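Q: The lines below spell out each chain.
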Amino acid sequence: MKNEMNELCSVEGAEYFEVEDRAPLAEVKLFARDVGVKYGENEALKNVSIDFMEHQVISLIGPSGCGKSTFLRCLNRMNDTIEGCRVTGEIRLDGKDIYSKATDPVEIRARIGMVFQKPNPFPKSIYENICYGPRIHGMANSKADYDDIVEWSLTSAGLWDEVKDRLNEPGTGLSGGQQQRLCIARAIAVHPEVILMDEPCSALDPIATAKIEELIDELRERFTITIVTHSMQQAARISQSTAFFHLGELVEEGKTDDIFTKPGDERTEAYITGRIG
Amino acid sequence: MHNLIFTALILIFLLAIYHYGRRFSLLTVNHNRQDLHSLPGYYGLYLVFWFIGPAVAALIIWLLLEPPIIMGLLSESLTLSFQAAPDDVMREVRLLASNAFALKSATPEKVLLVNRYQELQALGNGIRAVLVLGGGVLGVVYARRFLSPEMRARQSVERFIKVLLILCSVIAIFTTIGIVLSLLFEAIRFFHKVSPAEFLFGLHWSPQTALRADQVGASGAFGAVPVFAGTFLITIIAMCVSIPIGLMSAIYLAEYATPRIRNWVKPSLEILAGVPTVVYGFFAALTVAPFIRGLGEQVGIAVASESALAAGLVMGIMIIPFISSLSDDIINAVPQSLRDGAYAMGSTKSETIRQVVLPAALPGIVGSILLAVSRAIGETMIVVMAAGLAAKLTANPLEAVTTVTVQIVTLLVGDQEFDSAKTLAAFALGLMLFFITLALNVVALIVVRKYREKYD
Ligand SMILES: Nc1ncnc2c1ncn2[C@@H]1O[C@H](COP(=O)(O)OP(=O)(O)OP(=O)(O)O)[C@@H](O)[C@H]1O
Ligand SMILES: [Mg+2]
Numbered sequence: 001m002k003n004e005m006n007e008l009c010s011v012e013g014a015e016y017f018e019v020e021d022r023a024p025l026a027e028v029k030l031f032a033r034d035v036g037v038k039y040g041e042n043e044a045l046k047n048v049s050i051d052f053m054e055h056q057v058i059s060l061i062g063p064s065g066c067g068k069s070t071f072l073r074c075l076n077r078m079n080d081t082i083e084g085c086r087v088t089g090e091i092r093l094d095g096k097d098i099y100s101k102a103t104d105p106v107e108i109r110a111r112i113g114m115v116f117q118k119p120n121p122f123p124k125s126i127y128e129n130i131c132y133g134p135r136i137h138g139m140a141n142s143k144a145d146y147d148d149i150v151e152w153s154l155t156s157a158g159l160w161d162e163v164k165d166r167l168n169e170p171g172t173g174l175s176g177g178q179q180q181r182l183c184i185a186r187a188i189a190v191h192p193e194v195i196l197m198d199e200p201c202s203a204l205d206p207i208a209t210a211k212i213e214e215l216i217d218e219l220r221e222r223f224t225i226t227i228v229t230h231s232m233q234q235a236a237r238i239s240q241s242t243a244f245f246h247l248g249e250l251v252e253e254g255k256t257d258d259i260f261t262k263p264g265d266e267r268t269e270a271y272i273t274g275r276i277g
Numbered sequence: 278m279h280n281l282i283f284t285a286l287i288l289i290f291l292l293a294i295y296h297y298g299r300r301f302s303l304l305t306v307n308h309n310r311q312d313l314h315s316l317p318g319y320y321g322l323y324l325v326f327w328f329i330g331p332a333v334a335a336l337i338i339w340l341l342l343e344p345p346i347i348m349g350l351l352s353e354s355l356t357l358s359f360q361a362a363p364d365d366v367m368r369e370v371r372l373l374a375s376n377a378f379a380l381k382s383a384t385p386e387k388v389l390l391v392n393r394y395q396e397l398q399a400l401g402n403g404i405r406a407v408l409v410l411g412g413g414v415l416g417v418v419y420a421r422r423f424l425s426p427e428m429r430a431r432q433s434v435e436r437f438i439k440v441l442l443i444l445c446s447v448i449a450i451f452t453t454i455g456i457v458l459s460l461l462f463e464a465i466r467f468f469h470k471v472s473p474a475e476f477l478f479g480l481h482w483s484p485q486t487a488l489r490a491d492q493v494g495a496s497g498a499f500g501a502v503p504v505f506a507g508t509f510l511i512t513i514i515a516m517c518v519s520i521p522i523g524l525m526s527a528i529y530l531a532e533y534a535t536p537r538i539r540n541w542v543k544p545s546l547e548i549l550a551g552v553p554t555v556v557y558g559f560f561a562a563l564t565v566a567p568f569i570r571g572l573g574e575q576v577g578i579a580v581a582s583e584s585a586l587a588a589g590l591v592m593g594i595m596i597i598p599f600i601s602s603l604s605d606d607i608i609n610a611v612p613q614s615l616r617d618g619a620y621a622m623g624s625t626k627s628e629t630i631r632q633v634v635l636p637a638a639l640p641g642i643v644g645s646i647l648l649a650v651s652r653a654i655g656e657t658m659i660v661v662m663a664a665g666l667a668a669k670l671t672a673n674p675l676e677a678v679t680t681v682t683v684q685i686v687t688l689l690v691g692d693q694e695f696d697s698a699k700t701l702a703a704f705a706l707g708l709m710l711f712f713i714t715l716a717l718n719v720v721a722l723i724v725v726r727k728y729r730e731k732y733d
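First to last, the sequence lines map onto chains R and W. Per our numbering, the first sequence starts with residue 1, numbered consecutively. Per our numbering, the second sequence starts with residue 278, numbered consecutively.
I should point out that these hints are in silico values taken from the structure, not numbers from a laboratory. The reader is advised that the hints may include incorrect statements.
[Claimed, not checked] Interface residues of chain W toward chain R, partial, derived using beta-carbon atoms under 7 Å:
id: 1; residue: ALA610
id: 2; residue: SER614
id: 3; residue: GLY618
id: 4; residue: ALA621
id: 5; residue: MET622
id: 6; residue: GLY623
id: 7; residue: SER627
id: 8; residue: GLU628
id: 9; residue: VAL633
id: 10; residue: LEU635
id: 11; residue: SER697
As the structure is a prediction and not an experimental result, all values here were calculated from the model. A virtual CB, placed ideally from N, CA and C, is assigned to each residue, including glycine.
So that you can see chain R by itself, here it is in the shape it has in the complex (with noise of 0.2 Å):
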């Protein structure tokens, strides 16, 4: 399945390779170029070029406004439910372009996960909002194979000792980090390729913030992952890449260590030191 993947990607992706000279193809597992996004006229997004590597994470950073989660959500197709967004330019997961005609935005999203600011459990149980996407995927067949993602995604997601006891209560009844961690165990149940997460430790306490860190480093063996923050700090601990927003355009992209020790354009310099933003 890779292969035939990445001989797609290689076949139609073949001259943007050639002229950026990238990393190895094989490693590329969402691949965007000159991205742009309008929003009725006002331009939100313009050129921007950016290669997701698989089992990395990639930070997101930039002043407010500067397009982040704008960006983060043409990777997956929600700008469509904007009303007067439109999103040009080419993105490609595993080759295959998101926005083409043949392509299935439900599908798509199916594959990128995402994970939002402020935590949005369904008003159902537990239990039921991490069975939610299997379910309507049919991904199991009966009780025990629901139990049994359950109680995957919510270790995986470091919940599941909190709330293995109370599994039939409501969701939104959970504290703000714990709601959070349960939004990124629905978002993994689905075993989703990529996982977008815009800004998931805003609304978080240290505590938690840590604990998601902590899973975001782990998630990566089997995800890429994709964040947006506003914290340096956090980009510098749990990413390799990252990329650096202004108004509307990527200023830079690079490994993470390159932009906060020796950055190349001057805007990044003057955000991560505290000038801008």
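Dock chain W with the ligands against chain R, hints included.
A: This is chain W with the ligands only, laid out in the frame that chain R set:
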């Protein structure tokens, strides 16, 4: 006529007082407005309120005192033959006094009484006018002593206005209480004649036989079960029509329609709510009922010309906008983040709506449905025109049934004595209906409020 002139006079008087207060305050400071605490107009208003307050108080006191005083004076001139039942005589006298035609055929004794009554009433009117004017003038004279440049007329007027507003809301509340109490008292009188058990559990309803006391079987039957059963049958049919259609159009409007279509469709749906119920009524009676009957004939089923089905269907259509409009608002209030969460899991639009949006909106939707039900139960015009009159205990929607509201109308239309079991039954029915819709509304409000708390 006299009253009209009197009212006009009072109004002119009030204007004069206003100007007097204004001028007076200005004179006290030699037209130096800055030396006045409040704007001159406030001093005028202050006097005006001091006129209205005592005048209204005097009026109310007189209105309470007048009837017993007139009664007392009149009973002095009652001949012995009348003294046995003074209340009945008084009622008759009052009726005769307002009906010159009937007066012609009254006995001379009564004519005498009526004349005396009319004299007393004219006297009473005069006293009333004097009291009202006197009270007001006394108030003004009393209040005038307070007028001075330092007086804080603005604050006083503010207090008067507050009292005025409180009085208005109190009036609304007391009217409601009054209506309920009068329903209650009349219903209690009814239950003296007919036992509550018979009314609540009796299966036979035929109040018409009690029209004349000398008739055979004059007691009538007041078992309300068939009447309420008819109401519920028609309500159920109406809800079967309006819940699916209303809910689905709400879902379409809230989730699928583009803003342009929504701006167009929502008001058109709400026009349905603006159609007078009489129009729905003859639509049901003249179009839908014959249509259903014709349809029944073709497949060989006997359908009554006034069927529960016809009334219920049309009532259902009338109620659609209540459900669709409220549910649309409630579905819109479900946070977008829940929808985003579901979409991000890879669910389709209809999966999102069925499994996430609707469960979240359910309490509110239930509330809107309950409001619609209480509306259907109280609906009168459609059923008067399209449902039957005969109370029949049946669950067959093709037969004619009658409803509580229809019965109340037929019991009270036309000339009635107000103490027969037949007319009093209307109050008992009304009371029951009131409690049922009240209970539904309370439940609906609680449900809706609970839902609100969850998201705000
Ligand atoms: N739904 C929308 N409709 C119209 N304009 C939008 C919408 N969402 C975002 N924008 C605009 O797009 C630009 C980028 O917004 P975006 O939410 O991507 O910023 P962000 O980088 O995520 O900021 P933050 O760090 O505050 O979350 C902003 O100028 C914003 O006004
Ligand atoms: Mg954002």
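Q: Please write out, lowest number first, the hints stated earlier that are contradicted by the structure.
A: Violated hints (numbers, rising): 1, 7, 10, 11; every other hint is consistent with the structure.
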